[in-house]
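K.L.:
If you want the building blocks of each chain, they are given just below.
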Amino acid sequence: MAEHEPMVEVFIYETRQFLEQLEQMALASEQEGSFSSDDVNEIFRAMHTIKGSAAMMMLDEISKLAHAVEDIFFYIRELHPKKVDVSAITDIVLTAVDFMNGEVDKLDAGETPDDSSEDMRQHTHDFLRQFKIDNGDDPDVDLRKAKPSQKAAASGAGASAPAAPAPPPVEEKPQQYFIPAAKPEPAKADGLHVYAATLHFEPDCGMEEVRAFGVLNRMKDVSPEFHFLPEKILEDPQAVDTIKDVGFRIWFQTDMAADAAKAFLEETIFLDKLEFQELASTAECEYWPTPQQQAVIEASEASEPVVPPPPEKKPRPAPPKAHAASAEHESQMISVRVDKLDRLMDLVGELVIAESMVTQNPDLQGLELANFSKAARQLHKLNEELQDGVMALRMVPISGTFKKMNRIVRDMTKNLGKKARLVLVGEDTEVDKNIAEHIGDPLMHIVRNSMDHGIEMPDERKAAGKSEQGMILSAQNEGGEVVIKIRDDGGGMNREKIMSKAREKGLLTKPEEDYTDQEVYGFIFAPGFSTNDEVTEYSGRGVGMDVVVSNIRGLGGSVAVDSEEGKGTVTTIRIPLTLAIVDGMVLKVGASRYTLPIRSIRRSFRPEPGQVFLDAEGREMVMDEGRCCPILRLSKLYDIEDAQEDLTQAILLLVEADGKPFLLAADELLGVQQIVVKPVPEYIRGMTEKTGITGCTLLGDGGISLIIDPEKTAHLIYA
Amino acid sequence: MDEEIQSEEDTQKDKYLTFTLEDELYGIDISVVIEIIGILPITAVPEVPPYVKGIINLRGKIIPVVDMRLRFRRTPREYTDRTCVIVIEADGVLVGLIIDGVSEVRDIPEGEVVPPPKLKAAQNRYVKGVGRLSDDRVVLLLDWQKLFSEEEAELFEAMADDGAEDEAAPADSAGNGGTEK
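Residue numbers (the working numbering), protein chains in the order written: chain B, 1 to 719; chain R, 720 to 900.
Looking at chain R on its own, in the form it has when it is part of the complex (with noise of 0.2 Å):
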């Protein structure tokens, strides 16, 4: 395994971080991944989805924090050293995920990844193909764009015309927003 990671050390391709969620492995792009940290303070913050547990400071700067078991509707658990927050950053945004830990990096080529079976439930929209490891274990292989960057856009559409005013000024006034133009 080692051997193998630094042979394709210059490529991030095929290669996911894994973690565990109950008893499931999961699995995200590395290139996404920023960095690994413990849990910190979280602040929460009101009016939010209750899977937005609220913000860390993570050296000065300011990340939302999403409890991914609650986000895929598990038993929400209490946090523990184990506990891990995987900061990544998806078009720009920067988000931390709460899990229950990490285990690895893997290698996953495409030919072990079958794409997830098309059913009703919603989850599995987050899923983008399941990889099957050497131990015939799988990886649930998330689709972070479809999470992160497209959960925003459906949100937030009212935001959309905000945005611009919100770059230079913080402070907007949320009644008068809409009814420019």
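Isolated chain B (complex conformation) (with noise of 0.2 Å):
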């Protein structure tokens, strides 16, 4: 992500947070098959407000999409028609969404938002035309009047923008700047001149209320203190008629002269007419509310949201009483910046290891320290509750992947004409917010895969005796892991199919009967791996499968698939909580430590004289309930000086990695510690892609350990 001003990253987060509000809102709304009143409030608010902000930042493009979706709410809102195509509004909705998103992804990435809504805009124009006849109504009557023709806007706006000095963009939440903190009485202060002033815009400039807010905007610079009607110009709808009819009327302080007062308010663009006034006091000004009227006003607008709640807070339209709740709710939230709570992080770890310095330090061995110790585990204590405290910062619902997934399930009904209805379970479960991050590409393609080789068409499904709906998606906390299933009631796999794709592909390394089911679905994670015969949209290109694999075990996870032909497929992938700390085994082995995640660990045993056996190649292996179980020594693979040579006197670590069982031989545990991964340095990383070491942290004493990643580790003994 790009740097940016604090005001274009204010905009790219907001409008992103809208923009998936109203993604969510659409989606929930078909499935209702109808737009509740709250919904189409919600709608029209939340684009109201993307057409405000993008105006103010000059994305007229973004701003005239959302005028045009806006007007076909605010037609449900006011006149209540019968005849609502739901579906269709939905598909304007998102495509809306889609280029908003779009344009808003390049504002972020540092392009210019340059693409042309005049096809959307023609077409939600046209649909709204349609729509309206339909319903009886007159399409050629505007609803708001003076709302200009979509053609006239876009002209006059093209027309005239680029030559126009823009209004100075500007921040977001405008709502309450204009009432300063700290107020002097209403009187006329020392040097300051008081002015009244009423401006008339341009019969077809357009969006009058976001001019009104460039000219408040500029008067912020000049004057401490002025008010104006319509009070709220941007959240009431109806201000921009008044504005049209009796003009937007200011009136304001400033030290500035009554020319240059004036001179400064015909800067204003799309400026028709101007009324301008001096007046002897503030006494005289028609609307000068005083701090008791105002605090009024602010409480009146505080009970009144103008910015809905963010999206994640409030999943489906909430009854109305929520709203009071959810208004309450936003004053506490706070956005950070992620890379804050990383350094954050990385803090608390560093403070971890200074902890255990302190504690374990070698000076201390050896004494009796009662209070020492007293005070030690105090702070241990509150160390881990802020440890603790931090990891709960990172941690996000993962709600907000799971419904990223709503809008991939309905796109793929309608285009293949399936029906399925995806079914959200535990989607509260909180997770680290990177590892929320990248979930959503590998749960994406296996909901893809889901839907396209799983659900059947309606009729199969119908003579099946199943359900129209089919496909759940689950999140439980189980232990240190996040376990989420995508479970549907599809077909489900056929497992000759999948053999004989293996058997074409060559992938089988023993003789088919063998195969327990569940490695026979594992094949289809293999790369490049298809059983669809046909290319489509979504799926059969075999490319996917794999990359859900990689991508999970880059997170640390794994993946299982299971499946009865006819009743459906089950997958399950499982994640760690977070990547950041993790309890680890450390390892001696001859003058260097180790640290082995303990999640991957099944038990520690010193071998027996004779149980070591060799293969034929001459490889160590132990024989561990029924398995043969390959010796790996870490002195050998790492060329370590001064390891145990007698495995006898050594300690053989069982590792269950990717089902693949093996044992580490280490000289000596010494013991588990939460470690703070770190990654390996840049400049050696990639000559150590191959060794099975995927990090390094620090110990108590300042030493560092190298961090051996089971899986990787696996992949060196097992082809």
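Since the hints were derived computationally from the structure, they do not count as laboratory data.
Remember, predicted model here, so these are calculated numbers, not experimental data.
Take these hints with a grain of salt, some might be off.
Listed next, the in silico DSS-like pairs over lysine-lysine satisfying Cα-Cα at most 27 Å (straight line) [said to hold, decoys possible]:
hint: 1; chain 1: B; residue 1: K433; chain 2: R; residue 2: K780
hint: 2; chain 1: R; residue 1: K780; chain 2: B; residue 2: K381
hint: 3; chain 1: B; residue 1: K340; chain 2: R; residue 2: K865
hint: 4; chain 1: B; residue 1: K690; chain 2: R; residue 2: K865
hint: 5; chain 1: B; residue 1: K588; chain 2: R; residue 2: K780
Covered stretches of chain B (chain R as the covering partner; in silico rule of three or more C-beta atoms under 8 Å from a C-beta of chain R) [stated by the list, open to error]:
hint: 6; segment: 63–72
hint: 7; segment: 395–405
hint: 8; segment: 637–644
Beta carbons: idealized from backbone N, C-alpha and C, even for Gly.
Please assemble the complex out of the two chains, which come individually in their own frames, going by the hints.
P.N.:
Right under this line is the structure:
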């Protein structure tokens, strides 16, 4: 992500939130089959806000498209038409959301958002026209009267925008700005003149409320206190009409002389007529609320949130009551840059290490320190709490990621003519932000696969006696892991079909009848594996499932798939709750220390003499519960001197990764420690790619221990 | 000398940190030098070229260290109290250079630098010029860009496609990294 000015960043952040919310609301409404009045209001408001903020950012295409979509909802809201094609309207909203998302992404990437939304606007406009005719309304009566026709607005803005000086871009959430915190008494302060002005904009300029807002923004710079009518220019949809009818009225104090102030206002773009007058004091102003009055205004504003709460917090359009609550909720949320959290996390990691450096200091060895130990325990407890707290900061509910799947299912059902409904279970489960972000792609692939291969066509499903709905996405906590299951009740996988494809691809390494179902289904994760004969838009090219596996492994997780022909398929993803801190077993080999994530260690033991045997090629093995487990001597793998040669004097750790067991030989176990994973330095990262080393960590004594990745190491031994 | 340094304190141009390696005097751009430290305990890392001695913990930062004697194929020497590590940041990559000892910061104007002879021996590639000092000694000026950035590019072509994943998740699966797309 490129660095942005704070203003741009706020715009991107807020617009994305709105777009996500819009998408969810549209999808939910489509499922319900109707737009509730709450939905209509929310969508209208979201579009309205996007329109305003995009216009301020000079993103006319977004603004105009939002305007067009807003019109539809304005119509629904005002006239409650009988015949509403929810699906078509959802389509329009979603296309608009996609377009805006694309433009915002460009902005985020530091490019210029320059795509034209002309076609979409035309389509939206035509749709609204037809919509009105269908409901017996006159399409040419514009509900907001002076709303200029789409074309006029487009050409008008197009012709004048480049030449006109831009209204200064401003920050979002403007509604509180014009009330200065500390206010002088409403008397004429020294050197301050009081003026009254009424601004009339050109009849065809469009978006008067935004122009008016531009004036206010400039006013902020020159005037310590000013008031204006209509009060809520951006929030109140009626404000546009008022501005058009009686003009935009403003009363302000400034130290500028009358002609300078007048000239200042005349700079306003699209200004048609300016009425300007100097007043003796603020008492003469028609509208100059006292602080008490303002408090009332403020309060009324607070109780009526203009900005809907962040989408994550309000998954479904809530019942009306939830409004007040969510408004309160919003005021208690702050958004923080992720890198700040990362920095905090790093610091806490260092603190944990520093703590053990102190409490396990060699200087203290052999000393009886009752009070010190007590204090150290207290410190440790606090540190742990701090660590938990910081970790919790990074945790986000997985619902955001899950909900994106709704959209995929919806688009695919439309395009494939299938019927499916995604049921989300446990979407409140929290995971590390990093994981929530990276789990999206793999999930999407699996959901697509299920839709494409799993779920049957509606008539097939009927014949098989299945209900229409067919997919469940669930998440739950299990120990230190999150388990995500994607379950469909579709056709399931055909063992024979997969087997024959695997044979064709030469993936079989043992007799066919020896393969368990699990292993057979596991083939679908092999690169380039697809049993779909036709390549569709969604799947069949054989890319996908192997990416799923590598992505999830990259997160330290695992994937398994189970299926029953005719009954459906379950894909299970297990991922750790967090990537940053893991419980690790520290082992000593020679003079070096290594750390192994504890989750993959099954047990450890010292082999009896004679327990270790050699296979035909001289590799050391141990028989464990009927399985042959190869022994990996770290000392050989990493070329470590002075390691324990005699295995009966060493410790063997039974490690299982990807279902493959192996034994790691270490000289000594030094104990379990919470470790903060640090990446291998960039300079040598490439060189260690093939060694099974995945990162490093600092130990209590300040030394460094390399972290062994069980999966990578398993790959070193097993083909 | 001191006066000279002070008068041009605002610019780091033409300033080199000189250090000794066997009998030669080397110089490196002062602008890439982060700090000079004594030798710290080194943790060996497997499967790296012998000149990469391992990693050190510099106040919580993990930094790889390169033995410059081995890097330039000189005879290795036991580390002593005088052995120093120059921590440099080359194109965002932190590396520590183990050298025999630092000498001083010298001002070597461009006019006093001659290009190295174009010999076939490979290691001259990492010397961008030879500077003459007032006392008739010469300083071999290291081309750190070639030494650490280019070398990286050559050595780790394979890792390029894993870069993006690595940032987010250090635990990347080597076996599957290259099979995407």
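K.L.:
With reference to the structure, classify each hint as holding or not holding.
P.N.:
A quick look at each hint next to the structure:
no. : hint                : in the structure
1   : K433(B) <-> K780(R) : holds (24 Å)
2   : K780(R) <-> K381(B) : holds (25 Å)
3   : K340(B) <-> K865(R) : violated (34 Å)
4   : K690(B) <-> K865(R) : holds (25 Å)
5   : K588(B) <-> K780(R) : holds (22 Å)
6   : 63–72               : violated (count 0)
7   : 395–405             : violated (count 0)
8   : 637–644             : holds (count 4)
When each numbered hint is compared with the structure, violations occur for hints 3, 6, 7.
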